[in-house]
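**Student:** Since each chain comes alone in its own frame, lean on the hints to assemble the complex.
The residues making up each chain are set out below.
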Amino acid sequence: MPTLQDIALKTDGVDARLVSGHRMCAGCGIPAVVKTVLAASDKPVIVLNATGCLEVTSAVYPFTAWNTPWMHLTFENAAAVAAGVESAYKALKRRGRVEEDINILAVGGDGGTYDIGFQALSGALERRHKFMYLAYDNEGYMNTGNQRSGATPFGASTTTVPAGTASFGKAQWRKNLVEIAAAHRIPYVGQAAVHNTLDLYKKAEKGFKADGPAVLAVLQPCTTNWAYDPALTMQYSKLAVETNFWPLYEVENGVVHINVKPAKRRPVEDFLKGQSRFKHLFKTENQHLIAEMQQMIDDEWTRLVKLEETGVQL
Amino acid sequence: MSSKKSWHELEVGVVLPPATSVGYKTGGWRVFRPVWDASQCIHCMICVNYCPDMAIPIEKSEQGAVGKGGRVYKGAVRKETNFDYCKGCGICATECPSKCLTMIREEEAEQASCKL
Ligand code: SF4
Ligand code: SF4
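Protein sequences, first through last, are from chains A and B.
Quick note: the first sequence uses numbering that gives the first Met the number 0, first residue 0, plus one each step.
Quick note: the second sequence uses numbering that gives the first Met the number 0, first residue 0, plus one each step.
Bear in mind the hints are in silico, worked out from the structure with no lab data behind them.
Worth double-checking, as some hints may not be accurate.
[Claimed, not checked] Lysine-lysine pairs mimicking PhoX-like chemistry, simulated, CA-CA at most 25 Å apart:
1) Lys59(B) / Lys201(A)
2) Lys272(A) / Lys260(A)
3) Lys9(A) / Lys78(B)
4) Lys305(A) / Lys201(A)
5) Lys92(A) / Lys208(A)
6) Lys89(A) / Lys208(A)
7) Lys9(A) / Lys59(B)
8) Lys24(B) / Lys9(A)
9) Lys237(A) / Lys98(B)
10) Lys9(A) / Lys73(B)
Excised from the complex, chain B in its bound form (with noise of 0.2 Å):
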């Protein structure tokens, strides 16, 4: 009790390894799913950069991406979406210069994937 504690000597607190929330998912919160066409996609990023919850997976591509008007589109492709994490916000479907997303609701896609 008496003696003071010099500073090396407090307790550390809480101290986490990084980036450990990828493996919470927080795909169930979605509501609305974004349907991506990919045929009519350029590749512009903007959903990339916008999308609140880094759900839109892309890679550098050398031989590209075929997108709309049957174009190739190289450098920085986007992916179908991480459904891990999409929370179905929208702003991807809002922001699209290529109108290539549509927001349908999550119960449609899951039942479409679920006929037997």
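Just chain A, with the same shape it has in the complex (with noise of 0.2 Å):
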């Protein structure tokens, strides 16, 4: 069992295989999931990295906060490029050229991994390379100041879908990233926290150990476009837990396991407060906007429970 001392001692200094001097906003949630995942391979790891925040600020010329192999991709092809590392990785230890187990991981942010990056990831599933698959999920394009993507979720302004007199905001719920994955019938896919360190390495840990392709999804508050104090990204990170916003559950073998169940389910409201994009959902004629919402999430979340409960293989 990993405490968070075994973690804090791999995550730390200039060894550690994610280094100080990146430039992430301050109070990003983005490095903790990083450095959290990448402590948990015991093997050696190779990172590819989809454009997005994560890559703009942390190999900035000529800098580079990386510590491990790692390169530098366009939105769309990191899970291809994965794939492509795998197979040429198989290919030199079928000749004997290399004899070292690796682990490999693909990162991209929602953008990158939803949207424009979605075939390849998908592709790169179905041919069941062994890699992992790590979304950080901001919940938008943050990185060029907050457009919509498919895992914005109902209600937000962002600049292409902006509240006003015509609109609400995004008029449609987000993809289930985790479903689409365990679609492919891989081993192992997981949706974890920022703020849940322990539960983000153990399914790290899986991901990497899984007999094949594995995913996982996290959230990670955005400080500069939720606009709120950057100090509370991972209050906001456990208010999307504790409101099951976003539920902390992981399927193995298709088997679907929920890793915390909120003692008493908290109103959507603790969550959306003091956050720009849903700021104009408090306005009274909007409040029946947050009223669907929280059917929504809690429509989900009995629909979750049920699929654990019945055992049903996704």
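**Tutor:** Here it is as structure tokens:
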């Protein structure tokens, strides 16, 4: 059983796989996601990074915060390159040119995963390349200033679906990446959140050890474009879980297991409060939208619990 | 122009030596500074794992460090924040279960350290 001490010892200092001096925003949760996931690999790890917040801030020429082989890629091809790296690695191994076992990690934001890199991801999962795909999900194109993505939740105001007199923001619910990934019948899919370090670490460990492709979707509140005090990143992550807005669960060989069941589900307002993208929902004329959102969250949760209880294979 | 290059003749893109960003100090971004009261610390490592800038150094210590309640905490122990990189986000202060971190304005900290 890993402890916070064990994880801290692996992520701290200049020997860690991700080091200080990167230019992610003050209070950004991405470094905590990435360093924890990297620490969970007991083998050398190659990182393939789609364009996004993490990519543009971690390797600003002539600096790099990576202390492990890392490749900068475009939005759409992180999973495709991961597949290529895995194939090349297997070929080299077959010829006896490498002996060491390694792990391969593709990383993208929600824009690079749910939308632009989706086809490459689906292809790599379908071909069953042995790699893990990590999506850090800040629910929009945040690196370019808050445009709507397939992961943006219902009701959020973005620059491309701004709330105003004609619109209340995004009118659709987000995609469920975990179930989409599970539909490829891959051995491991996990949904985690940045504040729960131990749960995230354990899921990353399982993903790396899986006998085939694995996908990890991790919620990562964005202080800059959700516009809250940077000190509150972990608090918003916690609230997302306590409201069932972002349940922590996993799908192992098709079987659903919920890792955290809030003793008392908090109302979704607790999560929405204080975020600029949801500010308009608190106007009297928009209150019904919050009720609608609450209904969607509760329905999704009931469905998830049912999936777990019946043990039906996804 | 006409002769096609094979893959191993293609020009290599930019290759950087690892971990060079440690030469790029981000501490200047700070508006607030976390002040750590070591006497109240329980060395739980929560702040260390959360810190987005890996700005809280730790060490493995056999003899341990004296923290809250005069107790000696062994194993991984935290040390003073590394202000070369800390961006002053305040996550550590919000999350510390022992409330031993306080955020103060950076200029106050600097003025206090510059008294003649
Ligand atoms: S969170 Fe607080 S108690 Fe825990 S190690 Fe950090 S400063 Fe010490
Ligand atoms: S204020 Fe933020 S950057 Fe500075 S030590 Fe605390 S968590 Fe790290």
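**Student:** So, for every hint listed, does it hold in this structure?
**Tutor:** Against the structure, the hints come out as follows:
{"no.": "1", "hint": "Lys59(B) / Lys201(A)", "in the structure": "22 Å, holds"}
{"no.": "2", "hint": "Lys272(A) / Lys260(A)", "in the structure": "22 Å, holds"}
{"no.": "3", "hint": "Lys9(A) / Lys78(B)", "in the structure": "16 Å, holds"}
{"no.": "4", "hint": "Lys305(A) / Lys201(A)", "in the structure": "24 Å, holds"}
{"no.": "5", "hint": "Lys92(A) / Lys208(A)", "in the structure": "19 Å, holds"}
{"no.": "6", "hint": "Lys89(A) / Lys208(A)", "in the structure": "17 Å, holds"}
{"no.": "7", "hint": "Lys9(A) / Lys59(B)", "in the structure": "11 Å, holds"}
{"no.": "8", "hint": "Lys24(B) / Lys9(A)", "in the structure": "22 Å, holds"}
{"no.": "9", "hint": "Lys237(A) / Lys98(B)", "in the structure": "18 Å, holds"}
{"no.": "10", "hint": "Lys9(A) / Lys73(B)", "in the structure": "17 Å, holds"}
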